[in-house]
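Chemist: For reference, the chains in residue letters:
Protein chains: 4
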Amino acid sequence: MEHRFNPLRFFPTLGPHEPVLRVRDGDSVVTATVDSQGCDHRGESLAPRGNPQTGPFFVEGVEPGDALAVRFVEILPNRTDGYCRSSISPRVVDPEYVPELPAAPLARWHVDSGAGTATLVAPESKLGRLELPLSPMLGCFGVAPRGGQTLSTITAAEHGGNMDYNGFTAGTTAYLPVFEPGALFFLGDGHAAQGDGEIAGTGIEISMDVRFTVSRVRTEAPVRWPRGEDEEWIFTVGNACPLESATRAATTEMLRWLSSDWHLDALGAHLLLGQGVRYDLGHVGGAVSTVVCKVKKSLLPERRQDAS
Amino acid sequence: MEHRFNPLRFFPTLGPHEPVLRVRDGDSVVTATVDSQGCDHRGESLAPRGNPQTGPFFVEGVEPGDALAVRFVEILPNRTDGYCRSSISPRVVDPEYVPELPAAPLARWHVDSGAGTATLVAPESKLGRLELPLSPMLGCFGVAPRGGQTLSTITAAEHGGNMDYNGFTAGTTAYLPVFEPGALFFLGDGHAAQGDGEIAGTGIEISMDVRFTVSRVRTEAPVRWPRGEDEEWIFTVGNACPLESATRAATTEMLRWLSSDWHLDALGAHLLLGQGVRYDLGHVGGAVSTVVCKVKKSLLPERRQDAS
Amino acid sequence: MEHRFNPLRFFPTLGPHEPVLRVRDGDSVVTATVDSQGCDHRGESLAPRGNPQTGPFFVEGVEPGDALAVRFVEILPNRTDGYCRSSISPRVVDPEYVPELPAAPLARWHVDSGAGTATLVAPESKLGRLELPLSPMLGCFGVAPRGGQTLSTITAAEHGGNMDYNGFTAGTTAYLPVFEPGALFFLGDGHAAQGDGEIAGTGIEISMDVRFTVSRVRTEAPVRWPRGEDEEWIFTVGNACPLESATRAATTEMLRWLSSDWHLDALGAHLLLGQGVRYDLGHVGGAVSTVVCKVKKSLLPERRQDAS
Amino acid sequence: MEHRFNPLRFFPTLGPHEPVLRVRDGDSVVTATVDSQGCDHRGESLAPRGNPQTGPFFVEGVEPGDALAVRFVEILPNRTDGYCRSSISPRVVDPEYVPELPAAPLARWHVDSGAGTATLVAPESKLGRLELPLSPMLGCFGVAPRGGQTLSTITAAEHGGNMDYNGFTAGTTAYLPVFEPGALFFLGDGHAAQGDGEIAGTGIEISMDVRFTVSRVRTEAPVRWPRGEDEEWIFTVGNACPLESATRAATTEMLRWLSSDWHLDALGAHLLLGQGVRYDLGHVGGAVSTVVCKVKKSLLPERRQDAS
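Chains as they are written, first to last, in the working numbering: chain H, 1 to 308; chain X, 1 to 308; chain S, 1 to 308; chain C, 1 to 308.
I should point out that these hints are in silico values taken from the structure, not numbers from a laboratory.
Small disclaimer: the values here were computed from a predicted structure and weren't measured.
Identical chains blur together in the list; that is why a pair holds if it fits in one copy or across any two.
With a straight-line Cα cutoff of 20 angstroms, these simulated SDA-like cross-link-like pairs (lysine to any residue) come out:
id, residue 1, residue 2
1, K294, P222
2, K126, H263
3, K126, G276
4, K294, S135
5, K294, R71
With the rest of the complex left out, here is chain H (with noise of 0.2 angstroms):
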């Protein structure tokens, strides 16, 4: 069943607030995001700033200990222009370079979804008019966190959050470990594109037209961390600091699922991860940083048939 649900209100915590929409295992849903700010297709602004969170969606059936899978189908941005902060944030460049930073007023883009392009408007520099692929993107997602804990849309842990990693595309399934009863699905802040690491503590900001679709998964393995399939990779995200943590929490979650859902033993998982091994950034500069721990799908053995 398809819902379609318009939002007029959103959150700026991810937690175990009263659902806007309960649906069932297997429903999907199109709905919309807000931009960064709260502004919505028309640039009317519907919420305070801070990745407001459209949802959350209770899944009919889905209990803690289950993992949820989220499949992507459509991540459009609903109007043209979007925006991102000028300069790379304090954290993310030497102490020594801070006062170097250039104060500058939010940059200005123009998206045309159907060239596919993201065209650099203002502010003026001999950057000029620098034209970007599309790559639309969410930047914060999850569910409601472990613990009963509300979080800020700042931040990442178990549950996902703010991981700003480019890799949540249309086209990808992410699997989210279950907290709370029903999930509680949340998504918002949306990119037309985004460099890695998010280092400039935005993407292209844009509000965005969803479409997704939820599974409930039932796992004899618990899903620790975020995981995520594409046509062509399978990946899991470590939300942790420093960036060390993040991968070894994103690493170990890779082993162990190739272990559940790949007949992997150990040392076959080792040695696949040891030389077939990649890793992408997500949100850096932050009190939490994202690594994501990717392997190729053509390296992989057969999968099981009853595997998520």
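Use these hints to put chains X, S and C onto chain H, whose structure you have.
Modeler: For chains X, S and C alone, kept in the frame of chain H given last:
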């Protein structure tokens, strides 16, 4: 001019050692590296284990404050058997997972340069005979370090060293800051292929035939960290701890490079990196980690004619 | 005015929960805390494990932007049996050492408040019956966090939380930033004594009788991180990751405090800290670590009359 | 036997340099160190800046695998004027605070060894003429590093180096792992007093007269990191990055020391550290940080007669 140098003696450190050969600006060198355990193309042990280095090569006319450009023309495995550690390092998994690490001897790989593949031969595991595409690279190379230091081949710093970045393949040009007269260039630790981060503590280790060209780069703005470029990318390399510091070093170096060699003002450089940067991980799990900051050449404005 | 509050219900999180008691600026509260497993002075279980908190106490007239001063007048173990984990956390030893960690049940301590000692009772080891001086403290306390968040009692941030600093003993006044009307003060996790860093994951855990006084502090310069003072020291508390970031947070907070409350110019504050600072470690080994930046009161110039 | 050695030449690195003096097991040396800028007791410049080192001293009969015990009998400022940096390092404050760092020349201190005080003389600030108690220490000392390396005096590792721990005062015995025949002991970088962490990048820098005694320690269990003891404490020193890694190194070293020299089983050592440990910070803000793990001697069982 092209030199052929057949190494018989190897260094366990990078430092102001007696040069094995003096070459001129623009010269090429054809030489070989032993594997990380010190064995050559016949499997004969020529040096103790620990990334023994070929060199140092003294480049006439290169002085402290210059940069040294090293173009890797050819990096070719010169035998068919490679090896790697079977288990991921205890420093790249969660502490709680450490007792589960598999104990196993070195794994063996069959390296077929003609076919462009490395095939896992032993030990037995459910992974079977995994086949990876060949992507020969040098894990450890660099110049004599800053301040008269002599540094182990297991660490990395401004001078290069054990960066274990799988982007240092044939076709790449590396730029290194120079701290000693003649630069004193070293190379070794060849990998037929390697996962990101060298998380097993090894790539697919093998001896190599290497051809490279050296040239002096005079820069107004100093090169502070290793840089590189290939057909598609320019990149900078931060070797520091934790990964956040390495990210800051690489990012700041890229900002400075964009400013000195591509006419970019600070604002332009920041806007470009903010939405266009990519990061790769080199070595992780040691005392020092390596982060690579990359920008696609297609996004850059015109390069200064007189720049490196 | 002095309130006596006998808690029967406890929170596993710090957040904007319904207050259990409303008090006025300057009032005192006499109450009790259960131990980290939820047991009270009779050993009776009143709450699930995990540093359950007494409170929250609503302080009339205290608003976001103020600071809350909490003077701990008395922190007294209210039973004689305490416990601790026997083994240091795997996150506070070298990864290679993890397989050597001893597996042992909780250790038991006899706590004698009259004699001022805690004596190890079990398990048997070559250490025998170690006797430590009593130094009762609260491991976890704080106010409702920033941004409407609800945070677990195992983490710490600007609002306080699980800092596990053994300097928070009776006679200390803590200053906390206020994010919610009434501040909403929580307390729990009493330790009869505790090593630095709480490296075993526990102190000598025990239930406590606590007497504290609350007052509103209006400050021109905001309190951004927890602060404290006793007879001899003033101190600031950074809760961040890694310890370097916590050190930066605590040090910057101390610079700001010296400036606002002791007439010090930047130069004077820097000179004082540079040669006179002391650091202590609170909690280490979790996602967030705690560093305390201290200055001896005897080194300070005269305090502003109107300052906190 | 007591040697008097008047140094005229100094090293900017610790490494396998030619010894300046050969001494025997048990001998004492009376010598001097220049200040961090290379100036002696008359203020005369004898070496370039950067913690120039007196030594190395070759200790007859000491071999790799042994430990070297160095008892600091006397560390005495040999002039009256000291200096320090005025501003805290940009690496020990929040990135956002960096633009507020005061720019100021070196501060001057009057050091009165008779009175036991250091008094701030310049620059002028609202701090006035701060008076600190004298506590003379050596910021940088150690032996030739592992693996034939030559390391700068601004870093630290297993061999010692720039630890900047204000506990290394007269009356302390340091134990260092030995990597080269004769150990090759260096010393320098005297501080009349120093805040924790050396966060300004200097202590109160001054030249020193030093008297020390060296002796060989044969150990079954290797000394992996610097250790020390004074009347009241035993301690171990981890030099690593980030501080969490340094904490792990120091803690693991203390566990091993308690096991080898105090008859403690693993369980006893863990129980003791868990509730009795204290940590101090040495150098922070550089590439490598120093954490000191301490236990009070009064808490220890009887020492093995044959132990170090």
